[in-house]
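Here is how the chains run, residue by residue.
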Amino acid sequence: MRNDSSTNDPRTIWQNQPTEPSIMTLEKIRQKLQELHAKTRRGLLGGIAVSLVFAGISGYGIALGDGPVRAAFAFAIAWSVAGQYFLNRGMWSAALPADAPLGTGLESYRREVERRRYLSGRFLLWSFGPVALAIAALIVLLLSFGIRRGMLLKGTLLNMIPFFSVLAIWIVGVFVMRMRERRQLQREIDELNDIERANL
Amino acid sequence: MGGTKSISTGTARQDDLYRDAAAQYGSSIERLASAYEADPERRRDLSQDIHFQLWRSFQGYDGRCSLRTWVYRVAHHVAASHVLRERRIFSKLVSLEELEMLPDKDQGQFAADQRRNLDRLSVLIQQLKPLDRQVIVSYLEDMDAVSIGEITGLSPGNIAMKIHRIKNILARRFHQGGGHAE
Chain A
1 MRNDSSTNDP RTIWQNQPTE PSIMTLEKIR QKLQELHAKT RRGLLGGIAV SLVFAGISGY
61 GIALGDGPVR AAFAFAIAWS VAGQYFLNRG MWSAALPADA PLGTGLESYR REVERRRYLS
121 GRFLLWSFGP VALAIAALIV LLLSFGIRRG MLLKGTLLNM IPFFSVLAIW IVGVFVMRMR
181 ERRQLQREID ELNDIERANL
Chain B
1 MGGTKSISTG TARQDDLYRD AAAQYGSSIE RLASAYEADP ERRRDLSQDI HFQLWRSFQG
61 YDGRCSLRTW VYRVAHHVAA SHVLRERRIF SKLVSLEELE MLPDKDQGQF AADQRRNLDR
121 LSVLIQQLKP LDRQVIVSYL EDMDAVSIGE ITGLSPGNIA MKIHRIKNIL ARRFHQGGGH
181 AE
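As they're listed, the protein sequences go chains A and B.
Counting in the numbering used here, the final residue of the first sequence is number 200, and the numbers go up one at a time with none missing.
Counting in the numbering used here, the final residue of the second sequence is number 182, and the numbers go up one at a time with none missing.
Heads up, a few of these hints could be off.
[What the hints assert, rightly or not] When the alpha-carbon atoms are kept at most 20 Å apart in a straight line, the in silico SDA-like pairs for lysine to any residue are as follows:
#, chain 1, residue 1, chain 2, residue 2
1, B, K167, B, V94
2, A, K39, B, D45
3, A, K28, B, K167
[Stated by the list, open to error] Chain B stretches covered by chain A per the calculated footprint, using a threshold of three residues with CB under 8 Å from any CB of chain A:
#, stretch
4, 22 to 30
5, 41 to 53
6, 140 to 153
Derived from the structure by calculation, the hints contain no laboratory data.
In this text, all values refer to a predicted model and were calculated from it rather than measured experimentally.
Even glycine gets a Cβ: it sits at the ideal position worked out from N, Cα and C.
Modelling step: build the complete structure from the supplied sequences, incorporating the hints.
Okay, structure coming up:
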């Protein structure tokens, strides 16, 4: 039995594996294309809606705050608007670079890892950054209210400590996870560089 | 309007090229998808995504490489992106070199039925980093070193070394004594 090549030869096993017949037809592909258009539009509109909500909350913060807090909210709005522009700029071409198949596996994989690393950085800078700043400004605003009103809001502020803590943990957690992801992607790029050097 | 070129409704030539490729390499694409995705539902999605991107890619196909090389490059690219998107690159994916050093849990046990051997082979492939997966899948698809080089972009020396490792790993895990994996 050990010499039965049909059950023991990896290439035979691999090539004779049962596969489902593909259900993709040109009609289905065109349908998928329409879905991709719709998804892109939805993503764009969703981003704009989130930005508007964000701008509304920050605008409220500007109205209530003073000095540096007001400036921080204003800066967060400007940052978020700029972020929407930079995040949506590359949306259409994000699925597959037009020349990707011309590159070899090594080139296109490297490009994809670099793209992921770039996107991860872009998220931190243009999405996460303004949100973190606005949350920080909101916390400062609430704290300054509490301090100005004295004992009246002391209890409320104490009750909000768990909420502030969760927000702070979330901000730190997202930042740490994204930075770790970027480091891992960089390691992958370094490995690919080594392979390219060995290729020469 | 950058999107109008990359997302168009397609041309007759593009459709013809896609039909040819799907007819010739449809089964290979299904097998390739199984090397990158273990979950049947997600595998179906990945396979459909490969077909979709393949159709899109034919907009830029100018015949500078063979249809087979083109199909495999696109398919591996989409599948590797899938691995990255699913963040599996951060789980414990290993290189062929590392896999060769890992002890085989099933060593000494020989599975008589093809289904179990296929499962073991799939698990082995799915542990690998995307670039090494490209090499092993191409090897299992009976491609020679030149074709593997065209698809992966690795040098002949690098491919020879990787194929040597693949043969060692497969021989050890499938009890072939080296000869059958040639």
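_Broken hints, by number_ = Number 3 - this is the single hint that the structure violates.
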